[in-house]
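**Student:** The lines below spell out each chain.
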Amino acid sequence: MADWSELPAELIGEILTYLNSPIDILRFRSICSTWRQSTPLNGGHQFPFSLPFHGISLFKRSIFQLSPSKTSIVEFLEKTNSWVIKVEEKNPNFFNLFFPLSWNQIAPLPINFPTVIDLFNIRIREMGHEFFLRYTDEVYCRGDFLNLLMEKVAFLSGQNGDDFFLLTIHISGGLALYNNVDNQWHVISDDLDLPYDDVIAFNGEFYAVDYVGKTVLVGTDTANSVNLVANSVCGGDQKRLVEMGGELMLVDVYMGLPPWDDDHNIEDLDEYVSSSRSVWFKVYRLDREGKTWVEVKDLGNNILFVGMTSAFAASAVDFAFHKGNCIYFPFPDKFHPSCLYEGDDIFRFHCGGVFHMEDSSISYSELFWPPPPWITSSSLEV
Amino acid sequence: MASSSSSSLSRVVVKSSDNNLFVVNKKVASQSQLLKQCIDNMEEKGTNDVILIPLSNVTSNILTLVLEYCEKHADFADDDNNNQELKQWDHEFLKKFDYATLNSLTMAADYMVTKSLLNLCCQFIADSIKDLTVQQIRQIFDIKNDFTPQEEADIKNENAWAFR
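Those protein sequence lines, which keep their order, are chains A and B. 1 is the number of the first residue of the first sequence in the numbering used here; add one for each residue after it. 1 is the number of the first residue of the second sequence in the numbering used here; add one for each residue after it.
It is possible that part of the hints are untrue.
Pairs of lysine to aspartate or glutamate, DMTMM-like flavour, derived with a Cα cap of 25 Å [as the list claims (entries may be wrong)]: (1) B:Lys95 - A:Asp24; (2) B:Lys95 - A:Glu6; (3) B:Lys87 - A:Glu6.
Every beta carbon over 10 Å from chain B, so not counted as near; a handful from chain A, in silico [what the hints assert, rightly or not]: (4) Trp35; (5) Ser50; (6) Ser69; (7) Asn104; (8) Asp118; (9) Val216; (10) Gly246; (11) His322; (12) Ser363; (13) Tyr364.
Computed spacing ranges between beta-carbons, pair by pair [claimed, not checked]: (14) A:Asp191 - B:Tyr99: 19 to 29 Å; (15) A:Glu295 - B:Gln135: 39 to 49 Å; (16) B:Glu92 - A:Phe47: 36 to 46 Å; (17) B:Asn119 - A:Asn224: 42 to 52 Å; (18) A:Gly173 - B:Asp40: 52 to 62 Å; (19) A:Gly219 - B:Asn119: 48 to 58 Å; (20) A:Phe47 - B:Asn19: 52 to 62 Å; (21) B:Phe76 - A:Asn160: 51 to 61 Å; (22) A:Asn227 - B:Asn20: 53 to 63 Å; (23) A:Gly246 - B:Phe76: 35 to 45 Å; (24) B:Ala100 - A:Leu194: 52 to 62 Å; (25) A:Asn231 - B:Thr59: 29 to 39 Å; (26) B:Ala100 - A:Asn231: 53 to 63 Å.
Calculated directly from the structure, the hints in this document are not laboratory data. Beta carbons: idealized from backbone N, C-alpha and C, even for Gly.
Work the whole structure out from these sequences, hints included.
**Tutor:** In C-alpha cells:
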C-alpha cells in the first residue's frame with residue numbers, strides 16, 4: 001500500500017529542504033522517475049562565478065568522505081576504509097583533485113588512480129566546502145587589484161534567491177564585504193586593533209576573528225556594523241573558526257611552541273623551549289553571554305579538520321572510529337619520516353597529521369593519501 | 001437555549017478509515033491543525049454535542065501512532081525547557097518503524113496537518129538517504145528502478161566523476 005515511488009511532489013519538496021548538498025540532490029534524482037521529476041536540478045550559482053567589473057571570480061571546492069559499499073554487515077570495515085578528498089568541478093562532471101587541508105592540487109594523478117569514479121557504487125557524503133577568489137587574467141595585465149587577501153572567503157545566500165554576500169580579509173587586515181546587489185566591495189576597518197585572521201558563515205551570519213581571538217559578528221545590512229561577540233584569548237599563532245555540532249568553535253593553532261600555561265614559572269623556560277615541536281592546538285566554545293571563548297578540553301565524539309583553507313567537523317561515528325576527540329591538520333612534510341613512503345612524493349607533500357586532544361600526541365594519518373585499495377584496484381570505468 | 005459563547009468541547013471522537021473510533025482529548029487533538037480546525041468550527045457553531053471526525057485516509061494502526069506523537073507533544077506544549085527530552089523522544093519514536101510504516105506516517109502527518117511530525121519524518125528520511133548508495137536506497141525504500149534507457153544513460157553520466 002505504502003509506495004515511496006508515489007510520494008506526492010509536495011512531500012518530496014519537504015524532504016528536499018533537509019538535503020542541502022548538491023551530491024544528495026544528485027543521488028535523490030537518481031532513485032526513480034517520480035523522485036527525479038519532482039526534484040529541480042541544482043539551482044543557485046554555478047561555480048566559478050565571475051563578479052562583474054571586478055576582474056574576480058568566485059570558486060568553490062567541496063570536501064567529501066568516500067566509503068565503499070557492500071553489505072551492512074561489514075559496515076564497520078567499510079567506514080574505516082574511508083577516503084577524504086577535496087574536488088573542484090572544472091567542467092560538468094570533470095574534476096580536479098586537491099589535498100583536503102590545503103590549496104595543493106594532487107597532480108599528476110598516480111597511474112593506478114581511476115580516471116572515472118562511479119558514484120553509484122560508493123557512499124559519498126559532503127563534509128564541507130570552501131570558497132576562494134581569483135583575479136582573472138585581465139586584472140593582472142591592468143595591475144588593477146582590489147587588495148584583498150582572498151585566502152579565506154565566507155559565502156552567505158541572501159533573502160532573495162540569487163542574492164549573496166561574501167566576506168574576506170582586506171590587505172589592511174580589515175574586513176571586505178561584498179554583495180552582488182550593488183556589486184560593491186565595502187572595506188570595514190573601523191576599530192581595527194589587529195589584523196583579522198579568519199572568517200566564517202555560521203547560522204546565516206558572518207563572523208570574523210582576529211589574530212588574538214577577538215571575534216565579531218559582521219552585519220550584512222547597509223551599515224556594515226561590526227559587533228563584538230567574544231574577547232581575545234591571545235595564545236597561539238593562527239585562529240580558525242569552525243562549526244561543530246551546531247556551535248561556533250575557535251581553534252587556536254600553535255606552531256613551534258606549545259601553549260604557555262599560567263602555572264609555568266620562568267625557571268621552566270628552558271624545558272618549555274625544548275618541548276617545542278611542529279604543532280599544537282587549543283579549542284574553545286563561544287560563550288555568547290559572557291562574550292568569551294571557553295576552552296574545551298574534550299571534543300567528545302567530534303573530529304575537527306583544520307586546514308589552511310577551511311575547517312570543518314565530523315563525527316567519529318561517520319568514520320566508525322572508536323573515538324573522536326582529535327584534530328586533523330596538514331603535516332608539514334619536513335617533519336615526515338619520508339622513508340616510510342619512499343618514492344611516494346604525493347604522500348610526502350600531502351600527508352595529514354592527527355592531534356589527539358587526550359594526551360596532545362601526534363600521529364600520521366592516511367585518511368587523505370594514499371587512496372584506499374578499493375579505489376585504486378576497482379575497475380570503475382564507465 | 002443554546003449559548004454560543006460558553007461552548008467548549010473537551011473531547012472529540014476520531015474515526016479511522018477502517019472504522020475504529022478514538023476518543024481524543026482536545027489538547028492532544030489540537031496538535032493536528034486538521035482536527036483543531038474541526039473543533040474550532042464546531043465551537044463557533046455553539047454545539048455541545050460530542051463531535052465525530054472521520055479520517056478517510058488514515059488506518060487505525062497509523063492513527064494510533066500519530067495520536068501517540070500528539071499526546072507526547074501536547075504534554076510538552078507549554079514547556080520549552082524540556083526541549084531536549086522531547087527531541088530525544090522524537091528520535092527514538094521514529095527509529096521504531098519500518099520504511100513502509102514511515103511512509104504511511106508521513107502521509108498521515110501531512111493529511112492531518114501535524115507540521116512538526118511531518119518535519120520530523122522528512123528530516124529522518126533525508127538523513128537516511130544521506131549515507132546510502134542509490135542501490136541501497138531503492139532496496140530499503142522498496143523502490144523499483146523505472147527509468148527509461150535514455151534517463152538511465154543520463155543518470156549514469158551524472159554520477160560519473162572524471163578526474164584529470
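**Student:** Verify the CB-CB distance for A:Gly219 and B:Asn119 against the hinted window 48 to 58 Å.
**Tutor:** violated, 30 Å
**Student:** Hint says 29 to 39 Å; check whether the CB-CB distance for A:Asn231 and B:Thr59 agrees.
**Tutor:** The hinted range 29 to 39 Å is violated for A:Asn231 and B:Thr59, with Cβ atoms some 59 Å apart.
**Student:** A:Ser363: least C-beta distance to chain B exceeds 10 Å?
**Tutor:** holds, 27 Å
**Student:** Assuming the hint says 52 to 62 Å, is it satisfied by the Cβ distance from A:Phe47 to B:Asn19 or not?
**Tutor:** holds, 57 Å
**Student:** Evaluate the given range 53 to 63 Å for the C-beta pair formed by B:Ala100 and A:Asn231.
**Tutor:** Given a distance of about 54 Å, which is inside 53 to 63 Å, the answer is holds.
**Student:** Given the hinted pair B:Lys95 and A:Asp24, is their Cα-Cα distance within 25 Å?
**Tutor:** Answer holds: B:Lys95 to A:Asp24 is near 21 Å, not above 25 Å.
**Student:** CB of B:Ala100 to CB of A:Leu194, is that within 52 to 62 Å?
**Tutor:** holds, 59 Å
**Student:** Look at the Cβ atoms of A:Gly173 and B:Asp40 and judge whether their distance stays inside 52 to 62 Å.
**Tutor:** Holds, since A:Gly173 and B:Asp40 (Cβ atoms, about 60 Å apart) stay within the stated range.
**Student:** Taking 35 to 45 Å as the stated bounds, is the beta-carbon spacing between A:Gly246 and B:Phe76 within them?
**Tutor:** violated, 21 Å
**Student:** Is the nearest CB of chain B more than 10 Å from the CB of A:Val216?
**Tutor:** holds, 29 Å
**Student:** Minimum C-beta separation from A:His322 to chain B exceeding 10 Å: can you confirm that?
**Tutor:** Holds, because the least Cβ-Cβ distance between A:His322 and chain B comes to about 19 Å, which exceeds 10 Å.
**Student:** Is the hinted range of 36 to 46 Å satisfied by the C-beta distance from B:Glu92 to A:Phe47?
**Tutor:** holds, 40 Å
In summary, the numbered hints that this structure violates are 3, 4, 6, 8, 14, 17, 19, 21, 23 and 25.
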